Amino acid sequence: MLFPFPFGPEWTWLVGVWAIAEVIMRIVLLGIIPGNRRPTTAMAWLLAIFLIPSLGFVLFLLFGNFKLSKRRREQQEAVNHRVRSVTSELADPASEYSGPEWVRSAGELNHQLGSLPMVDGNKVELIPGYDESLKAMAEAIRGAKEYVNAEFYIMSSDFMTDELLTELERAAERGVTVRLLFDHIGTLRIKGYRRLVRRLKASKIQWKPMLPLLPIHGQWRRPDLRNHRKILVIDGVLAFTGSQNLIEPSYNNPKHRKVGRKWVELMARLEGPIVPTLNVVFATDWLSETDESLEGQLRLPTGPNPGHVTAQVVPSGPGFSTENNLRLFNTLIYSAQHRISICSPYFVPDDSLLYAITTAAQRGVDVELFVSEKGDQFLVHHAQRSYYEALLEAGVRIYLYKAPYVLHAKHFTIDDEVAVLGSSNMDMRSFSLNMEVSVMLLGAETVNLMRAVESTYREVSTELTLDDWMHRPPLAKYVDNVARLTATLQ
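Residue numbering for the sequence shown follows our numbering, beginning at 1 and increasing consecutively.
Read the hints as simulated data drawn from the structure, not as lab findings.
Since this is a predicted model, take the numbers as computed values, not measurements.
Worth double-checking, as some hints may not be accurate.
Here are the computed lysine-lysine pairs in the BS3-like style, where the Cα-Cα straight-line distance is at most 25 Å [unchecked claim]:
#1 Lys-145 <-> Lys-201
#2 Lys-135 <-> Lys-123
#3 Lys-135 <-> Lys-191
#4 Lys-204 <-> Lys-145
#5 Lys-255 <-> Lys-201
#6 Lys-374 <-> Lys-208
#7 Lys-374 <-> Lys-204
#8 Lys-123 <-> Lys-191
#9 Lys-191 <-> Lys-374
#10 Lys-258 <-> Lys-374
#11 Lys-145 <-> Lys-191
#12 Lys-374 <-> Lys-262
#13 Lys-135 <-> Lys-145
#14 Lys-191 <-> Lys-201
#15 Lys-208 <-> Lys-191
#16 Lys-123 <-> Lys-145
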């Protein structure tokens, strides 16, 4: 022993110091962690730190801060300010929309939170087929004349996406400016990432990974923040958005292929004034990754409006100080009078959303929820299952989409007035951690189109009853409840 320890053997002294340090750490974090967090989230982190202090503290340092860097947050605020002035010409004060006042109120909420206005005169086509949407996007790129802006959470170069990637390459070759963004970690973990990067490097496509996690280059943040958006804009006149990533439907995973697991999606093809507002979201993300402004693109398309649907883009994510998507979802659900249909692959609501949905069912609104019979993510799937009892008891009808398919589409309808679709799940990750984009579409015509899609889900689903659910094995209930704890660690 090099130095004498006055309080006993060396190991005893070290254990004592460590114990005191842990007590001090718990007391200090008790007053830090609850700040600007949901009580359930704070309690989950404190529980982890009190049960496993050292590991819990390390995990909190890695995953406890859901904000983007200060530079990115300031940049988002500056972009929001500029967007209001740039898109002011898009807002028609004499909107032809003549629906209920609560819908207009939701539109004003969205405008205040995300800076983007409701716009009339749009044409909307829903594309539920996986292969059909890829072909439709490839065809649209084939006709591009000025620019193509593409942003997807996951990208892959495979047998399903080859045609689309080839069209992007050809467009760049013929002088069209092609910009491409994909989430760094989301795409990196997919088999074939290096093949994709080699292909992009060999092309004239301008591309960047979003939210790169490269500590040696000073690019560090909470490692599970994601840009989850799916956006394709062609020449400012045509756009696609929804739930689908640019990858084959089994996600290049041999295990998925072996059991026949494929993802089921819903995309929307949009024309009209909604397109430049959707392009604002891409331009914001492009600016964040490249410092290049695309404000010159944000103008109204020329010529007559192609349709008569009123629509509004709703961006959300840690770059905003508010949870834009959650506030919109709650507002619409509380406003429903007759019917709510929800489709969400990862349904792990916070208390506010759970209360909104169960309250709607209890006051007589017909509420139905479409989810996968078997999810692709163990913890999320079991956390989701932990909410079924409360939903069923309130009167919500739950439809389980038949395995091995994963119902990955993300959308919902309210009465005959509103349809919402996009990249956002109804879980706390999408509300706080992921950068998402949703589109609110108004009017019975679009709602009926989405209801037709929902009907196809119902035909291949099994309805879950409260009696069946209450008789599930005790071990399954235990796993569900434990998994529910992990859902709040944000």
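Could you work out which of the previously given hints the structure breaks and list their numbers from low to high? 5, 6, 7, 8 and 11
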